[in-house]
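Enquirer: What follows is each chain in one-letter form.
Number of protein chains: 4
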Amino acid sequence: MSEKLGFIGLGIMGKGMALNLLKKGHDLCVWNRTSSKVDELVAAGATAGNSPADVASKSDIVFICVSDTPDVEAVVLGESGVLEGVKSGALVVDHSTISPQVTKEIAAKLNAKGVEMLDAPISGGNEGAANGTLSIMIGGDAAQVGRAMPYLEAMGKTITHVGAQGAGQSAKLVNQILVIGTMVSMGEAMLFAEASGLDLEKTLEAVSGGAAGSWTLSNRGPQVAKRDWRPGFTIDLQQKDLRLVLEAADQLGMPAMTTSLAFNLYRTLQTLGLGHEGNHAIVKALENMVDVRVGE
Amino acid sequence: MSEKLGFIGLGIMGKGMALNLLKKGHDLCVWNRTSSKVDELVAAGATAGNSPADVASKSDIVFICVSDTPDVEAVVLGESGVLEGVKSGALVVDHSTISPQVTKEIAAKLNAKGVEMLDAPISGGNEGAANGTLSIMIGGDAAQVGRAMPYLEAMGKTITHVGAQGAGQSAKLVNQILVIGTMVSMGEAMLFAEASGLDLEKTLEAVSGGAAGSWTLSNRGPQVAKRDWRPGFTIDLQQKDLRLVLEAADQLGMPAMTTSLAFNLYRTLQTLGLGHEGNHAIVKALENMVDVRVGE
Amino acid sequence: MSEKLGFIGLGIMGKGMALNLLKKGHDLCVWNRTSSKVDELVAAGATAGNSPADVASKSDIVFICVSDTPDVEAVVLGESGVLEGVKSGALVVDHSTISPQVTKEIAAKLNAKGVEMLDAPISGGNEGAANGTLSIMIGGDAAQVGRAMPYLEAMGKTITHVGAQGAGQSAKLVNQILVIGTMVSMGEAMLFAEASGLDLEKTLEAVSGGAAGSWTLSNRGPQVAKRDWRPGFTIDLQQKDLRLVLEAADQLGMPAMTTSLAFNLYRTLQTLGLGHEGNHAIVKALENMVDVRVGE
Amino acid sequence: MSEKLGFIGLGIMGKGMALNLLKKGHDLCVWNRTSSKVDELVAAGATAGNSPADVASKSDIVFICVSDTPDVEAVVLGESGVLEGVKSGALVVDHSTISPQVTKEIAAKLNAKGVEMLDAPISGGNEGAANGTLSIMIGGDAAQVGRAMPYLEAMGKTITHVGAQGAGQSAKLVNQILVIGTMVSMGEAMLFAEASGLDLEKTLEAVSGGAAGSWTLSNRGPQVAKRDWRPGFTIDLQQKDLRLVLEAADQLGMPAMTTSLAFNLYRTLQTLGLGHEGNHAIVKALENMVDVRVGE
Numbered sequence: 001m002s003e004k005l006g007f008i009g010l011g012i013m014g015k016g017m018a019l020n021l022l023k024k025g026h027d028l029c030v031w032n033r034t035s036s037k038v039d040e041l042v043a044a045g046a047t048a049g050n051s052p053a054d055v056a057s058k059s060d061i062v063f064i065c066v067s068d069t070p071d072v073e074a075v076v077l078g079e080s081g082v083l084e085g086v087k088s089g090a091l092v093v094d095h096s097t098i099s100p101q102v103t104k105e106i107a108a109k110l111n112a113k114g115v116e117m118l119d120a121p122i123s124g125g126n127e128g129a130a131n132g133t134l135s136i137m138i139g140g141d142a143a144q145v146g147r148a149m150p151y152l153e154a155m156g157k158t159i160t161h162v163g164a165q166g167a168g169q170s171a172k173l174v175n176q177i178l179v180i181g182t183m184v185s186m187g188e189a190m191l192f193a194e195a196s197g198l199d200l201e202k203t204l205e206a207v208s209g210g211a212a213g214s215w216t217l218s219n220r221g222p223q224v225a226k227r228d229w230r231p232g233f234t235i236d237l238q239q240k241d242l243r244l245v246l247e248a249a250d251q252l253g254m255p256a257m258t259t260s261l262a263f264n265l266y267r268t269l270q271t272l273g274l275g276h277e278g279n280h281a282i283v284k285a286l287e288n289m290v291d292v293r294v295g296e
Numbered sequence: 001m002s003e004k005l006g007f008i009g010l011g012i013m014g015k016g017m018a019l020n021l022l023k024k025g026h027d028l029c030v031w032n033r034t035s036s037k038v039d040e041l042v043a044a045g046a047t048a049g050n051s052p053a054d055v056a057s058k059s060d061i062v063f064i065c066v067s068d069t070p071d072v073e074a075v076v077l078g079e080s081g082v083l084e085g086v087k088s089g090a091l092v093v094d095h096s097t098i099s100p101q102v103t104k105e106i107a108a109k110l111n112a113k114g115v116e117m118l119d120a121p122i123s124g125g126n127e128g129a130a131n132g133t134l135s136i137m138i139g140g141d142a143a144q145v146g147r148a149m150p151y152l153e154a155m156g157k158t159i160t161h162v163g164a165q166g167a168g169q170s171a172k173l174v175n176q177i178l179v180i181g182t183m184v185s186m187g188e189a190m191l192f193a194e195a196s197g198l199d200l201e202k203t204l205e206a207v208s209g210g211a212a213g214s215w216t217l218s219n220r221g222p223q224v225a226k227r228d229w230r231p232g233f234t235i236d237l238q239q240k241d242l243r244l245v246l247e248a249a250d251q252l253g254m255p256a257m258t259t260s261l262a263f264n265l266y267r268t269l270q271t272l273g274l275g276h277e278g279n280h281a282i283v284k285a286l287e288n289m290v291d292v293r294v295g296e
Numbered sequence: 001m002s003e004k005l006g007f008i009g010l011g012i013m014g015k016g017m018a019l020n021l022l023k024k025g026h027d028l029c030v031w032n033r034t035s036s037k038v039d040e041l042v043a044a045g046a047t048a049g050n051s052p053a054d055v056a057s058k059s060d061i062v063f064i065c066v067s068d069t070p071d072v073e074a075v076v077l078g079e080s081g082v083l084e085g086v087k088s089g090a091l092v093v094d095h096s097t098i099s100p101q102v103t104k105e106i107a108a109k110l111n112a113k114g115v116e117m118l119d120a121p122i123s124g125g126n127e128g129a130a131n132g133t134l135s136i137m138i139g140g141d142a143a144q145v146g147r148a149m150p151y152l153e154a155m156g157k158t159i160t161h162v163g164a165q166g167a168g169q170s171a172k173l174v175n176q177i178l179v180i181g182t183m184v185s186m187g188e189a190m191l192f193a194e195a196s197g198l199d200l201e202k203t204l205e206a207v208s209g210g211a212a213g214s215w216t217l218s219n220r221g222p223q224v225a226k227r228d229w230r231p232g233f234t235i236d237l238q239q240k241d242l243r244l245v246l247e248a249a250d251q252l253g254m255p256a257m258t259t260s261l262a263f264n265l266y267r268t269l270q271t272l273g274l275g276h277e278g279n280h281a282i283v284k285a286l287e288n289m290v291d292v293r294v295g296e
Numbered sequence: 001m002s003e004k005l006g007f008i009g010l011g012i013m014g015k016g017m018a019l020n021l022l023k024k025g026h027d028l029c030v031w032n033r034t035s036s037k038v039d040e041l042v043a044a045g046a047t048a049g050n051s052p053a054d055v056a057s058k059s060d061i062v063f064i065c066v067s068d069t070p071d072v073e074a075v076v077l078g079e080s081g082v083l084e085g086v087k088s089g090a091l092v093v094d095h096s097t098i099s100p101q102v103t104k105e106i107a108a109k110l111n112a113k114g115v116e117m118l119d120a121p122i123s124g125g126n127e128g129a130a131n132g133t134l135s136i137m138i139g140g141d142a143a144q145v146g147r148a149m150p151y152l153e154a155m156g157k158t159i160t161h162v163g164a165q166g167a168g169q170s171a172k173l174v175n176q177i178l179v180i181g182t183m184v185s186m187g188e189a190m191l192f193a194e195a196s197g198l199d200l201e202k203t204l205e206a207v208s209g210g211a212a213g214s215w216t217l218s219n220r221g222p223q224v225a226k227r228d229w230r231p232g233f234t235i236d237l238q239q240k241d242l243r244l245v246l247e248a249a250d251q252l253g254m255p256a257m258t259t260s261l262a263f264n265l266y267r268t269l270q271t272l273g274l275g276h277e278g279n280h281a282i283v284k285a286l287e288n289m290v291d292v293r294v295g296e
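Chains E, H, U and G, in that order, are what the protein sequence lines are.
When the first sequence is numbered by our numbering, its final residue is 296 and no position is left out of the sequence of numbers.
When the second sequence is numbered by our numbering, its final residue is 296 and no position is left out of the sequence of numbers.
When the third sequence is numbered by our numbering, its final residue is 296 and no position is left out of the sequence of numbers.
When the fourth sequence is numbered by our numbering, its final residue is 296 and no position is left out of the sequence of numbers.
A few of these clues could be false.
One copy or two, either will do: identical chains are not told apart, so a pair holds if it fits within one copy or between any two.
[Said to hold, decoys possible] Derived BS3-like pairs: lysine-lysine, alpha-carbon spacing no greater than 30 Å straight-line:
(1) Lys-226 - Lys-58
(2) Lys-4 - Lys-24
(3) Lys-202 - Lys-240
(4) Lys-202 - Lys-109
(5) Lys-202 - Lys-157
(6) Lys-24 - Lys-202
(7) Lys-104 - Lys-240
(8) Lys-87 - Lys-24
Worth flagging that the hints you see were computed from the coordinates, not collected in a lab.
This structure is a prediction, so every number in the text was calculated from the model and none was measured.
Chain E extracted, bound-state conformation (with noise of 0.2 Å):
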């Protein structure tokens, strides 16, 4: 018998990983911050609630999807929110992408309730969320990650339990330095080819099926050949998670280097103007360093 669900967050993400849950028969009761998004749910068969309390006192399961650290402690801990109306017994699902450690803060308040709770950040972008074909990197209890997997399946594809409370953010982030890797290699790579005189579609066919592929190279190199910077992924939420990564190594006391540059990169950017663009953009920033463009 299916456990009743609330939603809590219905941006880009947040209402397509919704509408998944309502396909597949859900009982869901939704809440966002502003409320026009709520009635395309409630149109889909959601019930509305009138705060994240509301939503909580109503609900088995919690999920949450929002920005940023603030807007989790915001939704949970701040007036009217999940931690006043959550009921003892029920589990809190957070898809957020937000700092380990007040993952870990968030979680000790929530369990002192007798509420559970599991890290769940995604990728995979709006697509996705709409085809309910996201990567789910879950952090806490085995047993409640076996009680929520019914409905991440509904959301997700690749779902997997990497390991205690707070490791669900933590492979966020090694995702978001991966990916911050390969895209400010590319723009390297890229500019060098360009001041190589080289045809760049050609040389893109040239390298991206061997030792120097990645999704990134398939995906955002004929973007940058283009000079296309519509976004998958924009510059200001990738400044965000690389934020929180270089928050974290320093917590772990760890190097974070190529993080470090990207970083100092990606903020010229954004001094710019141009926080909006795809985080393919990163190019511009060396671009800008001798006045030549890529593609051009």
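Use these hints to put chains H, U and G onto chain E, whose structure you have.
Expert: Same frame as chain E, but now just chains H, U and G:
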């Protein structure tokens, strides 16, 4: 009607490539600096030349596959080198990875004797050489690329004509910038994962299929998790290629920030005597800084 | 006629500064988190306050010298803090090195009670504090700078009004960027010298007087050559200040490449348990990478 | 009794040095690639040689001061070079800044003809050359240093024997690592100051006297604040020396992280056509990244 072929340089890569030419029934004359390697080729049907000049004098197309810039200079321009014996109208195809600028200088000297040259560096490892599945990036005249194509197809699978003289070498360096960028960020990411207490194999599983995915992560990530440092490509060879990148970037006037960082890190591993290990051992350069070991 | 003074924070720096105010015959009420330090000041003529609020209630000008941003927040905004006791028309002078942004926030809260604030971070070490030869960088209103000047002159020698509210903190961070830049290049230079087989002391002698010269090289270079890691300023404190620089650079949208590099290197030394050593031990971060020791 | 002297290379530095030798009444034979510069020396009492070989044949001690490694190779090993004319028992003193390794190779060839060599690179700018106040860093045999000393004292003020053959060149590179480290952090610091809204001149005043102080900050900081890019030492020359540092660090197996960063930044300025500006213009490399101008 098939042209007469020569092959100079029967190392790990060259041997497999030459064998693939023989398998197609081509007439092949070979030479190697240490003659022991020649015997295996002769047993497979090749004839042995006395010197690069001798091979060149008997060939319409001379393939070269040696290690570094000075090696190509030696076998082409040195005593009893290709330049001494080569026939007007012949074609030289250089599969070595060397400086794009030196490539152009050597080509100019061959051109002056009525000889054409293609730079055609390869990637794909010894398996690729053995199986005839190499990636080959070619710079030079289109008609000559067409002339060489039937023979290149015996050795490689992805064969791309990327531009004029030297463009093949430049594309290979583009390849190396990309490889090294994914490699160094993989090191940083796996150290972060270890310090975060993540299960490394589950984490690799969770992130390899999405936007963070790369050939490097899929092929070398599991090796790092098991501390298996057997090389697909050694640190020493990687460092040689990065030196070419940095030299070329300097000449082009382009920034090479990630490559410089990787170069500094790899250098420390060479200083510690680890140059023979695989290039995924870059993670050790970071581990040494904090006395932490991934996967232990 | 002299104003009544208060001093909060009697650590290594604060104690010397407070004693210098007493020597000039000023009326001084003091407070420290651990009360043992108060006795020495009382013996020298100070009166003891019960809390920051108590000190503030008895003072026209309140000097603060504590460690970090949260410490200033605690003694000003916390329970029984300065804000509770301070009189309208009073002046608060903060000698701590903290976030320029938090400085402005605290000043705004004091202003709302009719209290002025100057940010006045210091440099010059404990000798400077003891001898009254500190450098003091001041941000805030010019009239208040004039009001504080007679007392600042008892504590410092180079006293500069660099701009508006927060500018003193920003100037201190400028100072730290410069210190760290000379420090990390000194480490790199001395490792290079060692590996080149140079006589370190003669080399320092040869280069210190010219264009390569710096306070760091003259004062810390000889320490490095003798592997004397006693701190003028510890790695832990340096790292705290670099964290402020990186945070501020992020808010300003400016690149901070050398600071990021130094931050990563210092962090590794903290991870190895060396945070209590002098900031010139940065050279060890480089030594550890290649297992070479300068001066051995 | 004075030895007969030769001087090869009468550029900005060499001219002043040769004039200082003449002022002390020494017998001096000179040569320069472009002969116009010779006339001024002849007017001051020198004799003109026809070639480096000619100068060497008439001299007991031959001083050389040219630009780069290939220039020293040309005037010593080239046609009509020093090696052709030099007398057994003579001493060659090379004031150029070149590769420590090439220095050793050239010395070996001179030694084979019974000729000693000292590497004696200089710093101190054209004022130092004119006023006889250069710093001279010497590598080589102590007895030969003693032999050269009376003449070196006519040209320099801080004269230091730092070690064996090549050590002078290595010490000069140490000098350049330090210069560049203070230079790049000064750029970062002044950009931070500008973005923070600080008064640049007051900030320089506040920080120059303490732990952040350096020759660079005192001499080039005020130039940056006024956007005065006239060179003490040009970016092109600085870049040439950094190339020597990076090459030597590679051979020594040592990390060179700050130097790599500075090299990348300077390179961008060369690409933009600013190589003739002073090396303090490094700040422009950072300004270009964010479209901000210090001091405007």
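Enquirer: Hint by hint, which ones does this structure get wrong, listed from lowest number up?
Expert: Failing hint: just 1.
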